[in-house]
Structure formats: C-alpha cells, structure tokens
Amino acid sequence: MDLYSNNAVSVNVGSRLRALREEQKMSIRGLARKSGLSANALSMIERGKTSPSVSTLYKLADALALPITTFFGEEIEKSSVVFIKADQRPRVPFQRGIWEGLGGENFTGRLEPFVLTLESGANSGLHTLVHTGHEFVFCLRGQLEYQIEDKFYLLEPGDSLIFSAHLRHRWRNAGSTVCNALFLLSGFAEGESPIQMHLSKKTED
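Numbering-wise (the working numbering), the sequence shown opens with residue 1 and increments by one.
Source of the hints: derived by calculation from the structure; they are not laboratory data. Just so it is clear, CB atoms sit at the ideal spot from N, CA and C, and this is done for glycine as well. You may find that some hints are simply not true.
What the hints assert, rightly or not - Cross-link-like lysine-lysine pairs, in silico, DSSO-like; alpha carbons within 27 Å at most:
no., residue 1, residue 2
1, Lys-59, Lys-25
2, Lys-34, Lys-49
3, Lys-25, Lys-49
4, Lys-78, Lys-59
What the hints assert, rightly or not - Cβ pair distances, simulated, as ranges:
no., residue 1, residue 2, range
5, Gln-147, Thr-177, 19 to 29 Å
6, Glu-149, Asn-40, 14 to 24 Å
7, Ile-162, Ser-120, 21 to 31 Å
8, Ser-176, Thr-128, 38 to 48 Å
9, Glu-77, Gln-147, 32 to 42 Å
10, Ala-39, His-134, 33 to 43 Å
11, Leu-111, Ala-39, 17 to 27 Å
12, Glu-22, Glu-149, 17 to 27 Å
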C-alpha cells in the first residue's frame with residue numbers, strides 16, 4: 001500500500017482557496033496579513049505549486065472565518081443519516097499526509113470520524129491539544145505515538161486508545177514507515193469543532 005491507499009475524492013485546495021478568498025473580496029496580501037502567512041506562500045498554494053500543511057489550512061480557515069470543511073467543496077448539507085462510498089469520501093492532502101473524512105462533516109450529531117495517513121515524522125505540532133469531549137484512536141498501520149499529559153502511548157496495528165480530550169495531548173508518527181489511523185471525536189460542546197482544533201497544529205510548513 002502506498003500513501004494514496006484508495007480512490008477517494010481529492011480536493012484541489014489551491015483553486016478552492018482562491019474561490020473562497022475572492023468570494024470575500026480579499027486580496028492575497030489581505031489574506032496573508034490575517035493568516036500570518038506570506039503572500040508568496042499563498043500564491044504558491046493557489047497555483048498548485050505546493051501543498052499546504054493542515055496547520056496552514058486551519059490558519060487560512062481562521063482568517064476566512066470558515067470551517068475547515070469548506071475546503072472540501074461546496075456548502076455541505078447536514079443530515080441525521082450519512083452514507084459515503086469509499087471512493088466518494090473527501091480527501092485533503094497536506095504537506096506530510098492525507099486527511100480523509102468519514103461523514104462527520106455531513107452529520108448533524110456531535111461525532112467526527114476521520115482517517116489520517118501520515119508519513120514518518122509527521123506530528124500534531126509543537127503545542128499540545130485540548131478540546132471538549134472524548135477521543136478514540138485506532139492504529140491501522142505503522143506506529144503512532146500519543147502523549148497524554150506526561151504519559152506516552154505507542155500504538156501499533158490493532159492498538160486503540162480512548163481518553164478525555166480535556167487532557168493535554170499530542171501525537172506523531174514514531175515509525176519509519178507510513179502510518180494509518182482511525183480517529184473518532186465525540187461528545188464535544190455545541191458549536192465547537194474539535195477536528196478543526198485537532199488539525200490546526202499539524203506538522204508545520
């Protein structure tokens with residue numbers, strides 16, 4: 001299996017970013033000021049010359065005052081029942097991996113499942129994560145190291161981890177090969193998007 005393990009729908013983040021920026025009548029320099037990114041970096045992303053890290057995507061989402069799921073395509077309609085075929089789920093490449101949605105972005109309830117495919121060394125960033133609700137992680141392939149408060153947990157294929165997400169946590173692909181892991185965020189406060197927080201500090205550019 002390679003990094004791109006299925007035929008899920010890849011999103012052209014660059015063209016989507018340009019469309020969202022233009023909808024808000026914002027210049028590249030204006031978006032650069034609000035996001036803290038350079039105008040040159042934004043231009044490279046919009047022209048498809050480079051892939052942003054997910055931390056960059058979330059800086060852009062924050063600057064545009066939009067949820068991360070806006071980058072996946074058109075306005076998403078919420079439903080109490082969500083069925084997605086394997087080749088239709090959204091897939092967002094970032095600098096050192098791929099995020100794949102499993103329907104949470106379409107679901108009316110407080111449940112956000114997704115799969116991350118991570119290259120060796122990919123991590124959640126320098127700062128720990130804290131959000132409401134609960135977090136479940138299931139390692140499908142490779143190794144995923146989780147730090148919760150001051151304890152470390154090494155997940156290998158078949159291993160799982162559940163914890164209260166108000167505890168400070170971070171993770172990284174601790175192995176030398178690609179890692180696949182299933183994540184499930186649940187029970188979070190109304191109006192909060194823990195996936196946005198969870199991915200906002202991904203491997204920096």
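Each hint, compared with the structure:
no.	hint	verdict
1	Lys-59 - Lys-25	holds (18 Å)
2	Lys-34 - Lys-49	holds (22 Å)
3	Lys-25 - Lys-49	holds (23 Å)
4	Lys-78 - Lys-59	holds (24 Å)
5	Gln-147 - Thr-177: 19 to 29 Å	holds (21 Å)
6	Glu-149 - Asn-40: 14 to 24 Å	violated (39 Å)
7	Ile-162 - Ser-120: 21 to 31 Å	holds (25 Å)
8	Ser-176 - Thr-128: 38 to 48 Å	violated (25 Å)
9	Glu-77 - Gln-147: 32 to 42 Å	holds (37 Å)
10	Ala-39 - His-134: 33 to 43 Å	holds (40 Å)
11	Leu-111 - Ala-39: 17 to 27 Å	violated (38 Å)
12	Glu-22 - Glu-149: 17 to 27 Å	violated (44 Å)
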